[in-house]
Amino acid sequence: MSQVHEDMSDRASKWRRGGIWVLRLIVAGVLLAAAAPKLADPVAFAAKLPNYRLFPEVFVNVVATTAPMLELLAALALLSGRLYRGGVWLSVGLMATFTALIGSALARGIDLDCGCFGNAVQAEPVGALDLVRNIVLLGLTVVLALDLGREPAR
Amino acid sequence: MRRDARELLTLLAAGLALGLVHLALRPDLPWVPAPRVEETMCGGEAELEAPAAAEAPVASFAPAPPMSSPAPEDGR
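Those protein sequences? They're chains U and V, same order as listed.
Quick note: the first sequence uses this note's numbering, first residue 627, plus one each step.
Quick note: the second sequence uses this note's numbering, first residue 750, plus one each step.
Please keep in mind that the hints were generated in silico from the structure rather than gathered at the bench.
No experiment lies behind these values; they were computed from the predicted model shown.
Be aware that a few hints might be false.
List time: in silico SDA-like cross-link candidates among lysine to any residue, alpha-carbon distance up to 20 Å [unchecked claim]:
#: 1; chain 1: U; residue 1: 674; chain 2: V; residue 2: 763
#: 2; chain 1: U; residue 1: 674; chain 2: V; residue 2: 755
#: 3; chain 1: U; residue 1: 674; chain 2: V; residue 2: 783
#: 4; chain 1: U; residue 1: 674; chain 2: U; residue 2: 766
#: 5; chain 1: U; residue 1: 674; chain 2: V; residue 2: 759
#: 6; chain 1: U; residue 1: 674; chain 2: V; residue 2: 762
#: 7; chain 1: U; residue 1: 674; chain 2: V; residue 2: 772
#: 8; chain 1: U; residue 1: 640; chain 2: U; residue 2: 747
#: 9; chain 1: U; residue 1: 640; chain 2: U; residue 2: 749
#: 10; chain 1: U; residue 1: 674; chain 2: U; residue 2: 734
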């Protein structure tokens, strides 16, 4: 009887680990897709930041080069497993920040291009769909963070 | 939990350092940008503020015309 329980528990654990790996790949893929065009053309990204009307002018270029670097590091941490726990929390922080920025722009009725993927996608005014997408991504990162409590760092 | 915070701080510091190096290596991105014209999706380049003097009425020191008192029927 206990053998059956152990088998079921092993199978559930495998499924959970597989699911977590899929989430890691999805979140890391989105972060890489967001970071690459911004790192390649930070000038274009820097031109979009003032439209949020939140960043002081002096910080715009620093944010334009630092934010994609953080996205890249978070993605690499999720994929490689090095500094994995920090990478998960960084992903949560980045997604929460981006969601708050988009929500704030929508609430204030600013029709900006979010610049989320640099110039890789056609510029369109930020909308509710962008907010939903970011909330879903934030949810995925929160699932990864909750899983940290179950398993030691890998 | 302490380990999580330490790893997060390491990544934040590395990201900030790499971002600053990236900024230093880009001559087309100055540390402090020049003031720029605001861009929005609907209007292309929107004027931030029209010069105040251009639209302000010319100051006049001529005596203002007397205010007319309401006609008696207006009060009803």
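Each hint, compared with the structure:
1. Taking the CA atoms of residue 674 of chain U and residue 763 of chain V, the gap is near 24 Å; set against the 20 Å cutoff, the hint is violated.
2. Between residue 674 of chain U and residue 755 of chain V the CA atoms are separated by roughly 32 Å; this puts the pair beyond 20 Å, and the hint is violated.
3. Taking the CA atoms of residue 674 of chain U and residue 783 of chain V, the gap is about 14 Å. The hint holds against a cut of 20 Å.
4. Pair hint residue 674 of chain U plus residue 766 of chain U does not hold up; C-alpha atoms about 27 Å apart against a cutoff of 20 Å.
5. Our distance criterion of 20 Å between C-alpha atoms is broken by residue 674 of chain U and residue 759 of chain V, whose separation comes to about 28 Å.
6. Our distance criterion of 20 Å between C-alpha atoms is broken by residue 674 of chain U and residue 762 of chain V, whose separation comes to about 24 Å.
7. Taken as a hint, the residue 674 of chain U and residue 772 of chain V pair is honoured in the structure, with Cα atoms around 16 Å apart against an allowance of 20 Å.
8. At most 20 Å may separate the alpha-carbon atoms for a hinted pair to count; residue 640 of chain U and residue 747 of chain U exceed this at roughly 37 Å.
9. The straight-line distance between the Cα atoms of residue 640 of chain U and residue 749 of chain U is roughly 41 Å, outside the 20 Å bound, and the hint therefore fails.
10. Among the hinted pairs, residue 674 of chain U with residue 734 of chain U is consistent with the structure: their alpha-carbon atoms are about 16 Å apart, no more than 20 Å.
Consistency with the previously given hints fails for numbers 1, 2, 4, 5, 6, 8, 9, ordered from lowest to highest.
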